[in-house]
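Line order of the protein sequences matches chains S and U.
If you're matching positions, the first sequence starts at 10 in our numbering and goes up one per residue.
If you're matching positions, the second sequence starts at 1265 in our numbering and goes up one per residue.
Since the hints were made in silico from the structure, they are not lab data.
Just so it is clear, CB atoms sit at the ideal spot from N, CA and C, and this is done for glycine as well.
Errors might be hidden in some of the hints.
Stated by the list, open to error - Restraint-style ranges between C-beta atoms, simulated for each label pair:
#, chain 1, residue 1, chain 2, residue 2, range
1, S, Q133, U, L1638, 47 to 53 Å
2, S, D145, U, D1308, 50 to 56 Å
3, S, G23, U, A1267, 41 to 47 Å
4, U, S1641, S, N16, 48 to 54 Å
Claimed, not checked - Non-contacting residues of chain S with respect to chain U, defined by C-beta distances greater than 12 Å in every case (computed):
#, residue
5, T89
6, L110
7, S185
8, K197
9, W254
To be verified - Covered stretches of chain U (in silico footprint by chain S; criterion: 3 or more residues with CB under 8 Å from a CB of chain S, positions within the stretch not fixed):
#, segment
10, 1524–1530
11, 1658–1671
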Amino acid sequence: MNMLEINNLKTTVGDAEILKGLSLKVNAGEVHAIMGPNGSGKSTLALVIAGHDDYVVTDGTVQYDGQDLLELTPEERARTGVFLGFQYPVEIPGVNNAYLLKAAINAKRRHEGRSEVDAFEFLQLAREKMKDLDMDPSFLNRGVNEGFSGGEKKRNEILQMVMLEPRLAILDETDSGLDIDALKAVAKGINAMRSPDRAIIVITHYQRLLDYVEPDFVHVLSEGRIVRSGDKTLAQQLEDKGYDWVREAASA
Amino acid sequence: MIAIAHELLEAAVRRMPEDALTPARKAALAHFATSGFPTVSDEDWKYTNLRHAVELSNTWLGNDIVASPESNLTAAAEEAVKAITESIDAYWIVVANGIATVDTMPGANDLRSNGVSITKLSQNGDVAAIIANDPMTSFNAALLQDGLRVRVQPSANPSKPLAFLFVDEATQGDLSQARLIIDVDAGATIDIIEAHVSVGSDPQFANTVIQLRVADGARVGFVRIQERADSHMQVGKLIADLRRDAYFDYASFDFGGSLIRNDVAVNIMEPGASVNLNGLYLASGKQHIDNHTRIDHRVGPSQSREEYRGILGGRSRCVFNGKAIVHKGADGTDAEQSNHNLLLSETAEIDTKPELEIYAEDVKCAHGATVGQLDNSALFYLRSRGLDRDAAVQLLTRAFAARILAAAPIAETHAYIAQKTDQRLDALIHGDSQ
Ligand SMILES: Nc1ncnc2c1ncn2[C@@H]1O[C@H](COP(=O)(O)OP(=O)(O)O)[C@@H](O)[C@H]1O
Ligand SMILES: [Mg+2]
């Protein structure tokens, strides 16, 4: 059984149809990269999987571990191990970063029938993971993403991912806007998550991240459909020939 | 618009005991006779209709009773008193159904030896100090049994805040008038709490006035906590006069009541004074909460900072009107004012109006107001991390209120206010998802 199986997915936002019959299969242990030009529907796909209600599914199915993912609320999806690293993480002044992190972990643990995380262990672990990501521990005590730079927000997303240990992680352009040091830190965080029972989907606009996080599969999304799939060499081809090449191939 | 029954009011004033306050009552009655209760055609009362308060007042006046000077509380009221006085460590003075009994007040000696004296207004004799210059302060003075006169001496150094608890119960007095006159002497520092609780499901109407004079260089921290029963009405007015270099740090919290109107009038009378007004109102059901503030910068330099925030659910209606007036010659005035509102339901309503009137030259003034709903992308972000909708809404509304909680003076009140805020938000969120 595939961990994630998307069949002929069609979604609208407002009046516009964005995903126009998208299909994708992802197995545990795999890393998939989804590339594509701006506006092709990459974030839409990520947000539909996470359960954002601005995006209406008009056709198709999404199965996660054999269950209908579209039936679940966003919080239920998160608790069963779906994680979305946002392209644009929201600033939430007044909500403490550590509080959210802990509440998120506890929501998941409660769902799994486990006891709440010990406050001391939580802090130890958070500090350790932050060190790996080259994040100052003071970020724990700030408002969620409040006043964070672009790179700091992306690291915070990765911090949440490594603390929550999802089964399916979708990272939406976590690499964009990062300098090379931040990119390496983020890539290190992603690579540390690779495991036989976890799947990772990295959405990226550039080949750059894939130099550090080697995907098993690369898909090209264009105008709401996956128009080409291949191995990591596809990313290099894209980089060399540009997106027009796939667009032409798709319409041919 | 139903009017107050004047002959009944006159009879009630006549029935009150002859004492030092009698001339003040009569003068106030004469003043009130020219105006009557404010109506919605008065600009300042446009959104707040006192019709039910007038009806209740007429019934009460017609019943031919004037609350006895003894104020015995029922067990339910005693419980309500305990709940707050045992939670906030302070010198508590209970004003029950408008009547304060200072003689039996615990800690009175302690306060006296620390430079704070409290006497009955009727004993003090300074009747001229009683302000009765608008309808509601006049109505208060006309029917005032007695009030309290508080004096905070320059050397005052009480170890705990001075706290006044206005407790009313519908079965004892359907109508109550209370008044405090507080003088804070030059250089003194004091924390003052004004708390309101009430019990009983019948309607009740309380009308309170607090006059505060802050002398040269004195510093006053002030917290108002209003958690009246949901069938009870209250009109309150705080008048604060600030002298040279005085500092007045005020925060107000509205949690309860059916109809609440609170006025804060700050007079900056001498240079160097500084005032902070902060307020939080949480309304649900059919609550009506109206906060009116007015800051008169009569001289400069002086500074005022004001921020009120409201979270509204159900069919509640709130009003914010904040007026800052920079008088001619008040150069060097620095005034900032804002009001932000979060509407959790489509049927909640807010009327907000920050106003600036500037008649001086060299001033720095800013004001603004916002009305919005919960940020949907923030809500989704929290849910995508596994928090259920209610928990996410609680977090976001709490974050919205946090600025006012953080701005409140008097640390002794903070845990209590935070707890009440959480309770109210909980009720608001769950009430609205039904
Ligand atoms: N919330 C939204 N409201 C309206 N249009 C949207 C919304 N989200 C996405 N779109 C539109 O959907 C299309 C795909 O956007 P998106 O999924 O963000 O693309 P990508 O992530 O590939 O750049 C774009 O045309 C965009 O304008
Ligand atoms: Mg995108």
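Hints, verified against the model:
no. : hint                         : verdict
1   : S:Q133 - U:L1638: 47 to 53 Å : 34 Å, violated
2   : S:D145 - U:D1308: 50 to 56 Å : 51 Å, holds
3   : S:G23 - U:A1267: 41 to 47 Å  : 55 Å, violated
4   : U:S1641 - S:N16: 48 to 54 Å  : 28 Å, violated
5   : T89                          : 9 Å, violated
6   : L110                         : 8 Å, violated
7   : S185                         : 18 Å, holds
8   : K197                         : 22 Å, holds
9   : W254                         : 34 Å, holds
10  : 1524–1530                    : violated (count 0)
11  : 1658–1671                    : holds (count 7)
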